[in-house]
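Colleague: The chain contents come next:
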Amino acid sequence: MIDYINNNIIHILYVIAIIAEAMTAALAAGRRQMDWIGVFILGCITALGGGSVRDVLLNHHPITWVANPVYLMITGCAALLTIPIARCMRHLRKLFLFLDAIGLVVFTVIGCKIAITMGLPTIIVIVAGVITGCVGGVLRDILCNDIPLLLRSELYATVSVVTGSLYLLATHLNISVEIAAIFAMLVGLTLRLLAIKFKLGMPKFVYNEDYH
Amino acid sequence: MIDYINNNIIHILYVIAIIAEAMTAALAAGRRQMDWIGVFILGCITALGGGSVRDVLLNHHPITWVANPVYLMITGCAALLTIPIARCMRHLRKLFLFLDAIGLVVFTVIGCKIAITMGLPTIIVIVAGVITGCVGGVLRDILCNDIPLLLRSELYATVSVVTGSLYLLATHLNISVEIAAIFAMLVGLTLRLLAIKFKLGMPKFVYNEDYH
Amino acid sequence: MIDYINNNIIHILYVIAIIAEAMTAALAAGRRQMDWIGVFILGCITALGGGSVRDVLLNHHPITWVANPVYLMITGCAALLTIPIARCMRHLRKLFLFLDAIGLVVFTVIGCKIAITMGLPTIIVIVAGVITGCVGGVLRDILCNDIPLLLRSELYATVSVVTGSLYLLATHLNISVEIAAIFAMLVGLTLRLLAIKFKLGMPKFVYNEDYH
Numbered sequence: 200m201i202d203y204i205n206n207n208i209i210h211i212l213y214v215i216a217i218i219a220e221a222m223t224a225a226l227a228a229g230r231r232q233m234d235w236i237g238v239f240i241l242g243c244i245t246a247l248g249g250g251s252v253r254d255v256l257l258n259h260h261p262i263t264w265v266a267n268p269v270y271l272m273i274t275g276c277a278a279l280l281t282i283p284i285a286r287c288m289r290h291l292r293k294l295f296l297f298l299d300a301i302g303l304v305v306f307t308v309i310g311c312k313i314a315i316t317m318g319l320p321t322i323i324v325i326v327a328g329v330i331t332g333c334v335g336g337v338l339r340d341i342l343c344n345d346i347p348l349l350l351r352s353e354l355y356a357t358v359s360v361v362t363g364s365l366y367l368l369a370t371h372l373n374i375s376v377e378i379a380a381i382f383a384m385l386v387g388l389t390l391r392l393l394a395i396k397f398k399l400g401m402p403k404f405v406y407n408e409d410y411h
Numbered sequence: 200m201i202d203y204i205n206n207n208i209i210h211i212l213y214v215i216a217i218i219a220e221a222m223t224a225a226l227a228a229g230r231r232q233m234d235w236i237g238v239f240i241l242g243c244i245t246a247l248g249g250g251s252v253r254d255v256l257l258n259h260h261p262i263t264w265v266a267n268p269v270y271l272m273i274t275g276c277a278a279l280l281t282i283p284i285a286r287c288m289r290h291l292r293k294l295f296l297f298l299d300a301i302g303l304v305v306f307t308v309i310g311c312k313i314a315i316t317m318g319l320p321t322i323i324v325i326v327a328g329v330i331t332g333c334v335g336g337v338l339r340d341i342l343c344n345d346i347p348l349l350l351r352s353e354l355y356a357t358v359s360v361v362t363g364s365l366y367l368l369a370t371h372l373n374i375s376v377e378i379a380a381i382f383a384m385l386v387g388l389t390l391r392l393l394a395i396k397f398k399l400g401m402p403k404f405v406y407n408e409d410y411h
Numbered sequence: 200m201i202d203y204i205n206n207n208i209i210h211i212l213y214v215i216a217i218i219a220e221a222m223t224a225a226l227a228a229g230r231r232q233m234d235w236i237g238v239f240i241l242g243c244i245t246a247l248g249g250g251s252v253r254d255v256l257l258n259h260h261p262i263t264w265v266a267n268p269v270y271l272m273i274t275g276c277a278a279l280l281t282i283p284i285a286r287c288m289r290h291l292r293k294l295f296l297f298l299d300a301i302g303l304v305v306f307t308v309i310g311c312k313i314a315i316t317m318g319l320p321t322i323i324v325i326v327a328g329v330i331t332g333c334v335g336g337v338l339r340d341i342l343c344n345d346i347p348l349l350l351r352s353e354l355y356a357t358v359s360v361v362t363g364s365l366y367l368l369a370t371h372l373n374i375s376v377e378i379a380a381i382f383a384m385l386v387g388l389t390l391r392l393l394a395i396k397f398k399l400g401m402p403k404f405v406y407n408e409d410y411h
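Chains as they are written, first to last, in our numbering: chain A, 200 to 411; chain U, 200 to 411; chain Z, 200 to 411.
Check before you lean on any hint, since a few could be wrong.
No farther apart than 25 angstroms at their CA atoms in a straight line, the calculated lysine to any residue pairs in the SDA-like style are these [said to hold, decoys possible]:
#1 Z:K398 <-> U:R231
#2 A:K403 <-> Z:I341
#3 Z:K396 <-> Z:K312
#4 A:K398 <-> A:T357
#5 Z:K312 <-> U:P261
#6 Z:K403 <-> U:L280
#7 Z:K312 <-> Z:P268
#8 Z:K403 <-> Z:L348
#9 U:K396 <-> A:W235
#10 U:K403 <-> A:I284
#11 A:K396 <-> A:L291
#12 A:K403 <-> Z:I346
#13 U:K312 <-> A:H259
#14 Z:K403 <-> U:L279
#15 Z:K312 <-> U:N267
#16 A:K293 <-> A:K398
#17 A:K396 <-> A:V386
#18 U:K312 <-> A:N258
#19 A:K398 <-> A:V386
#20 Z:K398 <-> U:R230
#21 U:K312 <-> A:H260
#22 U:K403 <-> A:R230
Quick caveat, the hints were computed from the structure, so don't treat them as lab data.
Make the full structure from the sequences, and use the hints.
Modeller: See the structure below:
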């Protein structure tokens, strides 16, 4: 019963997360003055790209949106819906940062889960979580011709590593997989929100010397 | 018999299309002052990249150019051949826009066909067509360090969606698959040529407000 | 016995090569002021990305670092280690160019080997070598928002083609696969070092005429 509810919770959180990702991607598209099709495509790639790259690298077929095309429609429509309501979203910025943080930890846990189901080694489980959580944003930045934000700032990837590690650790303890997932997601979410609030970031590596 | 001729027509159009894609990619490489190997590689990636991404995402192996390496040679040589004749191509610009439009609809129909053969759901069939038709150009733009044209302008992706949808619709009617293909390609081609002539485009989403 | 030693040599060269690739990628990350996680990730992608793309395109699973996660740790740690020692690396520039050249030919031969094992046709064997040798650097340049160096300068891809072709040719002669590998790598390495020393490059294709 708890298992059922919990799976539903993760599923609901997943749908919220892909919608949030698609909508923030749509704003990025608007800043680049892309057309409506571009908005649709960038929304789908950002929301579903991380899971796709994970599935392709791990040979886990069919990939999510091929098995469930409804996710493509949800993300594409969420991206398009952003066009008329963009003006209001400015006031919802905090909500979107929060939803984006939820997306990060939910994607991470889902990625880890799949890798565990495939019986992959510990490091790969965490990497699968990080890829699922972070690659969508990297693809968005590449398509917008930016240096991926992931590589430059904030605790984004770090939060993903921490969430995945805690999840994996907790599944080895004597608790249910579901409680492990919720525990890891809560810690990851807290860390991410603290990082946003206090502008925490990993130290940067600055290398300016000429290397010709 | 008609089936045989028609399959040959699609095959011939496919070869013309990859040659046209490779040659326009070579011009893009020349604008970036790439070297000859760069021209060769960019030509192959642009002409064959869409089909490769489709096959990888749908787990459809071996991918086209692994099964038929001759396509690699055709596209690579077409790209190299562009170097001596680039000066003349300026006068053939309209021909190349036409061949590029043919490529778009042929690629789209081939992508849809493969997805139908794999028994995939409707939406995925159309997505497979769009990926086959459009991703090559996106990869070219990324490698040239541009924001993909696909996301910004013209009816490129729209034409692909329309062609794929019509093809899928027509295959459900009481007509042969081959006539369905030709019908969809003709409509798509017309739409694309109209879009070029009248500079039609999807509306753009312009979002300038600061979102920090 | 010779086989055993030789396989060990290729393995050792491979580990040296991924370390060298990860460290030069870390310097590129430092020039873009990426944070530590970015350094780690860029190092892994640069060192292991070529093999991953090859394995995904050829459907050769599990891909290298999924089967051997230790390579992920080696490259990530090598990239991180670069941060404190970057200052000294300036004086080791020639060593790194040399190690990078070793990486190119070793990656190429490994890629060819895998494609031969899979029974793929000649052209695909060479392409598999070139992808393994060159794609990591392309991914690095894309993530750093540069036009890939591969497409613009130096004999990088050419060396890979020559090495792969010689290796393939030599395996058809009456000599052992191991001697074929060493022969091809030595010729490729010499060519690359000559290219660096004499600033050899493929001719460029410069196309400036307007093509609107």
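Colleague: Against each hint, give a clear statement of whether it holds in the structure.
Modeller: Structure-based check of each hint:
1. Z:K398 <-> U:R231: 20 angstroms, holds
2. A:K403 <-> Z:I341: 20 angstroms, holds
3. Z:K396 <-> Z:K312: 29 angstroms, violated
4. A:K398 <-> A:T357: Distance ~14 angstroms between A:K398 and A:T357 Cα, so the pair holds.
5. Z:K312 <-> U:P261: 18 angstroms, holds
6. Z:K403 <-> U:L280: Cα-Cα ~14 angstroms, so holds.
7. Z:K312 <-> Z:P268: 21 angstroms, holds
8. Z:K403 <-> Z:L348: 13 angstroms, holds
9. U:K396 <-> A:W235: 21 angstroms, holds
10. U:K403 <-> A:I284: 15 angstroms, holds
11. A:K396 <-> A:L291: 16 angstroms, holds
12. A:K403 <-> Z:I346: Roughly 24 angstroms between the alpha carbons, so the hint for A:K403 and Z:I346 holds.
13. U:K312 <-> A:H259: Measuring from Cα to Cα gives roughly 23 angstroms; hence the hint holds.
14. Z:K403 <-> U:L279: 11 angstroms, holds
15. Z:K312 <-> U:N267: 20 angstroms, holds
16. A:K293 <-> A:K398: Holds - the C-alpha atoms of A:K398 and A:K293 are around 14 angstroms apart, at most 25 angstroms.
17. A:K396 <-> A:V386: 15 angstroms, holds
18. U:K312 <-> A:N258: Measuring from Cα to Cα gives roughly 23 angstroms; hence the hint holds.
19. A:K398 <-> A:V386: With Cα atoms ~17 angstroms apart, A:K398 and A:V386 stay inside 25 angstroms; holds.
20. Z:K398 <-> U:R230: 22 angstroms, holds
21. U:K312 <-> A:H260: 20 angstroms, holds
22. U:K403 <-> A:R230: 11 angstroms, holds
Taken one by one, the earlier hints fail for this structure only at number 3.
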